[in-house]
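Enquirer: Line by line, the protein sequences are chains V and B.
Just so you know, we're using my numbering here: the first sequence kicks off at 1 and counts up by one.
Just so you know, we're using my numbering here: the second sequence kicks off at 1001 and counts up by one.
Think of the hints as simulated: they come from the structure by calculation, not from any bench.
Hints are not guaranteed to be accurate.
In silico DMTMM-like cross-links for lysine to aspartate or glutamate, where the CA-CA straight-line distance does not exceed 25 Å [to be verified]:
no., chain 1, residue 1, chain 2, residue 2
1, B, Lys1124, V, Asp83
2, V, Lys256, V, Asp188
3, V, Lys292, B, Glu1127
Remember, predicted model here, so these are calculated numbers, not experimental data.
Listed below are the residues making up each chain.
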Amino acid sequence: MAPAEGYGYAVSRLRAMSGRLLEEAVLQRILECEDLDSALKVLGETVYSGWLMELKGSSEFDKAIEAELLHVYSEVQKFVPDDRLVQLCRLPYDFHNVKVLMKSAILVRDGGERRFDLLTRLGNISTDDLIMAMESEDYRLIPFGLHGLIPKCFALWEQTKDIFEVEKTLDSGLFTAMRKIAADCKIDSAVFWVRGKIDAENIRNLLRMKRMDMEAGTVAGFLHDGGFISREKLLSILSEPVESWPRVLSFTDAAKTFSRVQDAGDLNTLLVDMEKVLDEYIAGMVENSKYKAFAPENVISFLWRKELEAKNVRIALVSVSNDTDRSMARGLLRHAG
Amino acid sequence: MDLLGIALAILGAAMAAGWAGAGSAIGVGIAGESGAGVMTEDPGKFGLVLLLQALPGTQGIYGLLIAFFAILKVGLLGGGAEISVNVWQGLAIFFACLPIAVGGYFSAIAQGKTSAACIQMIAKRPEETGKAVILPAMVETYAVLSLLMSIILLNGISL
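Next comes chain V alone, as it looks inside the complex:
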């Protein structure tokens, strides 16, 4: 089957599935609710209804969001011609699970309790397999380079006792694995998407470090290779005021993400705003797929929009649940396509 036509079925099905993505009006209705039960009633009118029925209590809404996301990932994985595209999108969850299990193992060594409740089923590797590997300290069968990375991280912990060092190493491993999968797929837009994701993570980290007033030497370790903007370029702007970053980075698409810099009062507000803007920037990397009827990047685009939908639902429900300022929550909602 020719590559172009190979995605005819998949893209058509994704287009039909994207018709069921939550519209903004639904999120606004959730935000207008006075309590969580009413908000879940509104959510019950959508594709989430099946999962909501399985909840023991309304405060467990996160399980429904995870279940819907898992259902979509599993379904898409069944019919896409190259399931590495789905693997690529699920990979961050594998690394999240590894972080959870490593921290849990460290806690146990210090007399604490295991925290398996923070694991997510959204990863490529089943949580049972991962737990088994961590408990038996037999990492040989763990894919995505984790078989080498986990012992390395444990050794790093023993040497430094610095959890940030461990997280940095795992994040670096995540992006290396993502770049490898994207390159193996031989789909240019998948590579662009990963590069955009690395840029977004680097910018996010840079802003956090700037807020904490860290030195360039420390910051360098938190930046990852492989984005459109080099680490050196990012480090060079660290000493400059954030307002001048868009000018220095004007040669990249990421510069437009700073359009809100002028409006943001301080770095804390800017960081919150940037979380949303950077998510939309990542979605923008594969936005053109909507004009291509047989393009594989439609898979990534759809899955990322589903991720953003899950984030939006979570933001709206948390806002209702905690009775926080709704206008602030409205401002945090991601818009993609």
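Once you've looked at the hints, dock chain B against the given chain V.
Expert: This is chain B only, laid out in the frame that chain V set:
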């Protein structure tokens, strides 16, 4: 009867039916693949999907029509009187069949892709069905032009 002339006429007819039919099969296949994807999620769209999937099938019918004309012309159909066809006349019939063979093949594939894209369009925007039918129908124009040219050329050949 010149056998080579008849053979060339048959070759033309075979190409008209074969290539246009092959193009239609590919086109209908591409559109069908998309249609199956949409109907997996929304079986209610069967009617619309079927209409769009059928559009690239017309080139195959046009090719068959020209093939009939060609073999009718040389008396191979209907048990008519034996008609003498020399090499030049056979060659002329062969060339007359080419527009629908070539035009039909490529236009059917292009129409299949357009139909597939339009099936995706109605999956997302069912209210745009009218426009979704017009877009692949535009490609049909060129298949019809090929058919017309083949008919005119065949009519112009005197045996």
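Enquirer: Taken at face value, is the distance from the CA of Asp188 (chain V) to the CA of Lys256 (chain V) at most 25 Å?
Expert: 22 Å, holds
Enquirer: Are Lys1124 (chain B) and Asp83 (chain V) close enough, with their CA atoms no more than 25 Å apart?
Expert: 24 Å, holds
Enquirer: So if I understand the rule, the pair passes when the alpha-carbon distance is 25 Å or less; does Lys292 (chain V) with Glu1127 (chain B) pass?
Expert: 21 Å, holds
The structure is consistent with each of the numbered hints, conforming to all of them.
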